[in-house]
Amino acid sequence: MNKVYHYIICFLCWLALAISLVLVLGVITILVVKGIGAINVSFITQPATNFGKEGGVLYQIIGSLLMVSVAFLLSFPIAIAAALYKSEYLKDEKWQHRSDMLLHILNGIPSIVFGVFALLFFINICGAYISWWLGSLILAIMMLPILTFSSYFYLQRLSPEIRESCLALGLTKGQFIRSFLLKRSFAGAVSGSFLGLARILGETAPIMWVATIFAGAGIPSSWNEPVATLATHILILAQQANHPLAVANGWGASLILISLVFILAAIGFAMRRKQLQVQ
Amino acid sequence: MPSCRKELGLKYVLGLSFFVVASMPIIIFLVLLIQSKRAFFEVGWGLFSTTWFPAGQEYGILAMLYGSLVVVLLALSIAVPLALFSALALSEFIPKSCRLVIKSLLEILAGIPSIIYGLLGVVILCPWLEQVFDISTGRTLFAGGLLLALMILPMMISLLEDVFSQIPNEYRDNASSLGLNKSQTITSLLIPISKSHGFNIVLLAMSKALGETMAVMLVIGCVDQFPNFWLPLSAGQTVTSKLGRDLGNYSFYSIEFSVMIAMALILLIPTILFGFILRNGRDIK
Amino acid sequence: MNINTQQLSLEIANQTILKNINLSFKQGEITCIVGPSGGGKSSLLRSLNRIDSDKNYSYSGDITLGTSSIFSKEYSLEQLRKHIGMVFQKPCVFPFSISKNILFGVKHHQRMTATQAEQLVVAKLKQVALYDEVSDRLDQSALELSIGQQQRLCLARTLAVDPQVLLLDEPTSALDPYSTSALENFVLDFKKQGTVVFVTHNIAQAKRIADHVVFLCNGEVIESGSTQHMFGCSATAQTQQYLNTETCDC
Numbered sequence: 000m001n002k003v004y005h006y007i008i009c010f011l012c013w014l015a016l017a018i019s020l021v022l023v024l025g026v027i028t029i030l031v032v033k034g035i036g037a038i039n040v041s042f043i044t045q046p047a048t049n050f051g052k053e054g055g056v057l058y059q060i061i062g063s064l065l066m067v068s069v070a071f072l073l074s075f076p077i078a079i080a081a082a083l084y085k086s087e088y089l090k091d092e093k094w095q096h097r098s099d100m101l102l103h104i105l106n107g108i109p110s111i112v113f114g115v116f117a118l119l120f121f122i123n124i125c126g127a128y129i130s131w132w133l134g135s136l137i138l139a140i141m142m143l144p145i146l147t148f149s150s151y152f153y154l155q156r157l158s159p160e161i162r163e164s165c166l167a168l169g170l171t172k173g174q175f176i177r178s179f180l181l182k183r184s185f186a187g188a189v190s191g192s193f194l195g196l197a198r199i200l201g202e203t204a205p206i207m208w209v210a211t212i213f214a215g216a217g218i219p220s221s222w223n224e225p226v227a228t229l230a231t232h233i234l235i236l237a238q239q240a241n242h243p244l245a246v247a248n249g250w251g252a253s254l255i256l257i258s259l260v261f262i263l264a265a266i267g268f269a270m271r272r273k274q275l276q277v278q
Numbered sequence: 000m001p002s003c004r005k006e007l008g009l010k011y012v013l014g015l016s017f018f019v020v021a022s023m024p025i026i027i028f029l030v031l032l033i034q035s036k037r038a039f040f041e042v043g044w045g046l047f048s049t050t051w052f053p054a055g056q057e058y059g060i061l062a063m064l065y066g067s068l069v070v071v072l073l074a075l076s077i078a079v080p081l082a083l084f085s086a087l088a089l090s091e092f093i094p095k096s097c098r099l100v101i102k103s104l105l106e107i108l109a110g111i112p113s114i115i116y117g118l119l120g121v122v123i124l125c126p127w128l129e130q131v132f133d134i135s136t137g138r139t140l141f142a143g144g145l146l147l148a149l150m151i152l153p154m155m156i157s158l159l160e161d162v163f164s165q166i167p168n169e170y171r172d173n174a175s176s177l178g179l180n181k182s183q184t185i186t187s188l189l190i191p192i193s194k195s196h197g198f199n200i201v202l203l204a205m206s207k208a209l210g211e212t213m214a215v216m217l218v219i220g221c222v223d224q225f226p227n228f229w230l231p232l233s234a235g236q237t238v239t240s241k242l243g244r245d246l247g248n249y250s251f252y253s254i255e256f257s258v259m260i261a262m263a264l265i266l267l268i269p270t271i272l273f274g275f276i277l278r279n280g281r282d283i284k
Numbered sequence: 000m001n002i003n004t005q006q007l008s009l010e011i012a013n014q015t016i017l018k019n020i021n022l023s024f025k026q027g028e029i030t031c032i033v034g035p036s037g038g039g040k041s042s043l044l045r046s047l048n049r050i051d052s053d054k055n056y057s058y059s060g061d062i063t064l065g066t067s068s069i070f071s072k073e074y075s076l077e078q079l080r081k082h083i084g085m086v087f088q089k090p091c092v093f094p095f096s097i098s099k100n101i102l103f104g105v106k107h108h109q110r111m112t113a114t115q116a117e118q119l120v121v122a123k124l125k126q127v128a129l130y131d132e133v134s135d136r137l138d139q140s141a142l143e144l145s146i147g148q149q150q151r152l153c154l155a156r157t158l159a160v161d162p163q164v165l166l167l168d169e170p171t172s173a174l175d176p177y178s179t180s181a182l183e184n185f186v187l188d189f190k191k192q193g194t195v196v197f198v199t200h201n202i203a204q205a206k207r208i209a210d211h212v213v214f215l216c217n218g219e220v221i222e223s224g225s226t227q228h229m230f231g232c233s234a235t236a237q238t239q240q241y242l243n244t245e246t247c248d249c
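Residue numbers (numbering that gives the first Met the number 0), protein chains in the order written: chain A, 0 to 278; chain B, 0 to 284; chain C, 0 to 249.
Everything labelled a hint here was simulated from the structure, so no lab data went into it.
Hints are supplied without guarantee of correctness; some may be wrong.
To be verified - Capping the alpha-carbon separation at 30 Å, the derived lysine-lysine pairs in DSSO-like fashion look like this: (1) A:Lys2 x B:Lys194; (2) C:Lys99 x C:Lys125; (3) B:Lys102 x A:Lys273; (4) C:Lys89 x B:Lys181.
Nothing here was measured: the structure is a model prediction, and the numbers come from that model.
Bound-form chain A, shown alone (with noise of 0.2 Å):
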């Protein structure tokens, strides 16, 4: 009896990873192999024409990047900041708490509530026009958690003994701060930052109201001009599923962001893995 309970335990477990791998290699499979298949040097140095469905994917891949890194540009110093204040001046437990969980809170909000957010306030309610830079900003305050939370653990890992030393040195908090802190929130940020821009590259929700439009946008020569990306145009390509081309240019798309994503990803994890260590 108990025989017949662990040959089906064992069964059941290894049906269920079956199943699983077969779908994780399945999807990778498919991307890889039908996104190769439309990926040539063209795709990549040509602008779309037509809805996408001819020409290549340059004006999104440098309107992501450029999107991405003035996001990353936005957040970082406000990010380390507002780590060194809850790692240094924030002592009261309570606060402590309540700012963790607004944090996560905030990491947890759906992307989609953020493009709502940012639709209503930025272009609704502050009257501004679609502009690129307007999902840099959006991106950036989804990019604050993660940041925040990389750059404060990695200050609060810092040994008591090392900032008694420097204190009784005479320093001040703000000298403290200024000389030795600062390149550490630093440290403890960056990883944090691949981490963040791999999840904020392939984005689509929170910009598609307020930077980008359903086509022709080229690369914005001005504050006031929306913007192509890598992840509103797949979505573009998908809503003309009929079209084979348009299919095909989408799986070009999508594996150039999974690897623009991956290479993000695959960094960020192993700074992170590498500060783990030297502590």
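Chain A is fixed; fit chains B and C onto it per the hints.
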């Protein structure tokens, strides 16, 4: 000489940044709340009707709420058992070297942007459903559920496997020494021990599934109808797919726009609840 | 039941842990295995109930329980461990109630009514001298007990399965004197109807409770014999040196 003003200045600058970051979620919540005031006061209980027809002054969002619920429950009912047994297989039966490889693959899948899952759904899943079930279109609630299951599966397996791996081997040794075989150890000891962590993981997955937009939007059919319960093979609408598709179509000053904002506000509720319940977020740490 | 090893050797990852062990653990006796750390005492003990059966350990030689080899089809792993119980160095209570802990193993081997289960719990707790201390909180979590109480609970849990042989791996090394003496008294009582194999670092403890002593060093049996012999002048110089000074040149 360090100046007191400089010290204070630094403190205020850092404090301001902290305030900005911490108040973001509150600001977002408040903005949505204010804009959805019209929906709550003017439509009120009408929100809970099953008909969405703004031209006829019908603003019932029940179909969308139902769609979200059906799709998420379907996804969980597929993904949870699959993830549980896969995680057990990984932690109890697979040698360490293989485990690392498989976990890396799972991490890769967890990082794929949702729009790409949407593309997979539209191009591969829906036509496949059309073939298998002999229906005119594969864009159904069922497709949404399946796709969501695929999306939450890697993360769940990875997290559950972490939970099982972290149970010290002493527990297994002690159970073995009492004459239990591996399966009995798994069901009588390992699973009960992991119940609370497992529950948190399921909540996390549910939260992600509820908020998922891009993938669901493309495969669900986007029809504002209340489907027959026995036919998840009909097209439907979730809260997120409605927002994704139609928000841009409504004028900012209209009641329907306000109702949409109310729906976005409703989406925030699970996030806030789960923020209270789940103290540790994996993505951040 | 007697347990005998015949030319038992154990290799783990190309390292020899046990070399040519020939020992006899007799019914009605307490056999203490002593020796320096890393000498293979725990490995020898763990071979006896095949608790490492799913790891890549390569055994040669044989171990017999009674008349049959424990590696044969005669004993399934689960049956073997029913007959041979084990108590570990670090008490590992499960995060359940005290009653549930005790019933945990035996529930999988036989069906019991609620009354039978209750009676079993009480009987086993009394057997390990723990009943008086916990009789009012049998439904509360076992994690709230002290280390000494937890170890006795683990012992009661093992006894509930009704083994004929008890393997104990330094069970009192983390315990207070009261729990230690309670456990030693129990073991002295148990030997009347079973076999006891007791690994210990504590030479005084071995002298107190053992009928038979085995001195294991570097995976080899340096000497084994009755307690009288081993602690007397007729033992080899190496043995005498270890038992008197706890140092060994091997």
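Hints, one by one, checked against the model:
no.: 1; hint: A:Lys2 x B:Lys194; verdict: 25 Å, holds
no.: 2; hint: C:Lys99 x C:Lys125; verdict: 16 Å, holds
no.: 3; hint: B:Lys102 x A:Lys273; verdict: 19 Å, holds
no.: 4; hint: C:Lys89 x B:Lys181; verdict: 22 Å, holds
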